[in-house]
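Chemist: Letter by letter, the chains look like this.
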Amino acid sequence: MHNSSRRGFMGKAFGAVAGVGAVGSLVAMKKTWDPLPSVKAAGFTTLDMTIYPEGELITEKWRGKPIFVLKKTPEMVASQTESQKARDVVVGDSHFMLAIGLCTHLGCIPGYNAAEKSFLCACHGGQFNWAGEVTKVPPPRAFDIPPFKIEGTKIVLGEVGPEYKAMKDSGITL
Amino acid sequence: MAHFTKATSVKDWLNQRLAVEKVEKVMASEYWIPKNINFLWAMGMVLAITFALLLVSGIFLLMYYQPDVKDAFYSVNYTIMRDVDFGWLWRHVHGVAASVVFLVIYIHMFTGIYYGSYKKGREMIWISGMLLFVTFSAEAFSGYMLPWGQMSYWAGMVITNIFSLGGLHMDGLVEWIRGDYVPAQAFLTRFFMLHVLLLPLAIMGLIGLHFAALRIPHVNNQDGEEIDFHAESKKYLAGDKAGSKVMRFANDFMSKDMMVVGIYLIFFFYLVFFQYGFALDPVNFDPADGLKTPAHIYPEWYFLWSYEILRPFSVNIGLIAFGFAQVIFMLLPWLDLSPNAVPASRRGAFNIWFWILLVDMIVLTAMGKLPPEGIFSTIGLVAALLFIILWVALPFITKNEKKA
Ligand code: HEM
Ligand code: FES
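Going line by line, the protein sequences match chains A and B. The first sequence: position 52 = 52 (this note's numbering), numbered continuously. All you need for this note's numbering is the position in the second sequence, starting with 1, plus 1000.
Incorrect hints may appear among the rest.
Reference listing, derived: stretches of chain B covered by chain A, where coverage requires no fewer than 3 residues with Cβ under 8 Å from a Cβ of chain A [claimed, not checked]:
#1 1012 to 1021
#2 1074 to 1083
#3 1173 to 1184
#4 1294 to 1300
#5 1360 to 1373
In case anyone wonders, no lab produced these hints; they're calculated from the structure. For clarity, every value in this text was computed on a predicted model and none was experimentally measured. Idealized CB from N, CA, C, for every residue including glycine.
So that you can see chain A by itself, here it is in the shape it has in the complex (with noise of 0.2 Å):
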């Protein structure tokens, strides 16, 4: 009696050791994975907006991800619908399509077809038109839009603007 009792103690005892040790390794473990402070720093890429022709994607890269710039011709301008006008970023008098070039899908890179000026994603056959909504599943929702900041005639990548903001509040972009 007596000796089963201390050793239910001793078990109870082990038990309470070993549960803050296993607690202690998996956040050990999970911090491990985490990504490095240093991948996390190189966060940030100016774009000189004054450089790009009209009517043509450029694909530029920020946190190795592609980012498509295309400045929008005076017809594209004019014929944006509401919700297209949300997604516009203008720098000056000029209008463009900033977005994340990864399809919202599994993230491969929708190739740009300057014909039809539309999107098309090879790994599932998602579609997107020129302002980045999307017009064929599978793909959730538009292009995602990096984080940006307007100065000037520049652009910083990277940093919250209030343009960005106001897009991001309004549920424009996650």
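Since the structure of chain A is already known, use the hints to place chain B with the ligands on it.
Modeler: Leaving out everything else, chain B with the ligands in the frame of chain A:
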């Protein structure tokens, strides 16, 4: 205290310390196998041998492979393929074995389904087998990352993105798995670790569990007959070898197993020397480029059927269908409500179910390889829906099955 005597032979010396004779009996000469089985029962041994081939070729690849995003591609495609004497041999053996192992796993699985070898005490064999299937899939995927070619990179991108779980937007989880915003150095090194250490360890443990699970129920037989292994083995040991329904695993059944393994190995090395191309995707001979998706990406053939179940739907439904396909085989012993553990050919509606499932998975595999356009999209969608309907229908089909 244990008492040791002066050994009369090396065997006796070992016997006193390790009971080798006893172990040999338990594991081999008195491990009983029914006589009424066919070559399909050799697939387990074929899998074990293929795993050994993967292990040995992998060890040699490991001596020159460099898990660094700058060097990985060249260490595989130049150092191993051109500089190292016979380096190409290890790479071809490894690639061909990784592909063929899935063909044999599928044959092994469908044999189990056909003969009902997943019920009446064989549930743990089935579950450990499915866990092997899952770990093998993870092993194949992590290995595919290592050459760091275009297919490695984009397969890594797409498959890790699945963990954002669609509408749940768990992008933080995806970045955690990658250790970066996109697949990069941290991603390559951790998948390297998984491929060469953690997953092979898990596979070896699971093979042990799979074999242990076979011990008590023993393997099934061509008629699903319930054999009294105790009585039949007594008969055998008493000298009535012809009248007994069982035989020794070694050397009697083993010799037959090894005959099949021999034929398999001839076929296997024919592939290694003359037809290795199917196991090495040409697109993966371009180095990884995060700014350019290949025109047409698709997984290796053995993942195509489940990929095709993901593809035709919008993202959330696709992910649910895909998740369904991943777990549903595991539940087979509980979805088949019939107590009959006999070949499908004697089970009426279940027989039809079995063959439709097999053909449907072949159709899904074929459509997964084709671009998702036009008629192929439609066939893929129908086949994906049929797959789901089949599994939902299974309990109803088997519920009223007559006693066979
Ligand atoms: C590398 C992986 C695997 C190895 C090395 C392996 C090995 C074996 C061996 C040696 C046997 C006994 C001989 C035979 O009946 O063929 C066996 C039986 C069995 N395995 Fe596997 N197996 C593997 C994967 C799987 C998978 C993926 C499944 C499917 C879920 C599975 C399901 C079964 C079943 C149901 C049996 C019993 C067959 C019967 O009783 O007739 N195994 N396995
Ligand atoms: S990744 Fe673009 S459609 Fe799937």
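Chemist: It remains to establish, for every hint, whether it holds in the given structure.
Modeler: Status of the hints after comparison with the structure:
no.: 1; hint: 1012 to 1021; verdict: violated (count 0)
no.: 2; hint: 1074 to 1083; verdict: violated (count 0)
no.: 3; hint: 1173 to 1184; verdict: holds (count 9)
no.: 4; hint: 1294 to 1300; verdict: holds (count 4)
no.: 5; hint: 1360 to 1373; verdict: holds (count 3)
The structure shown violates the earlier hints numbered 1 and 2.
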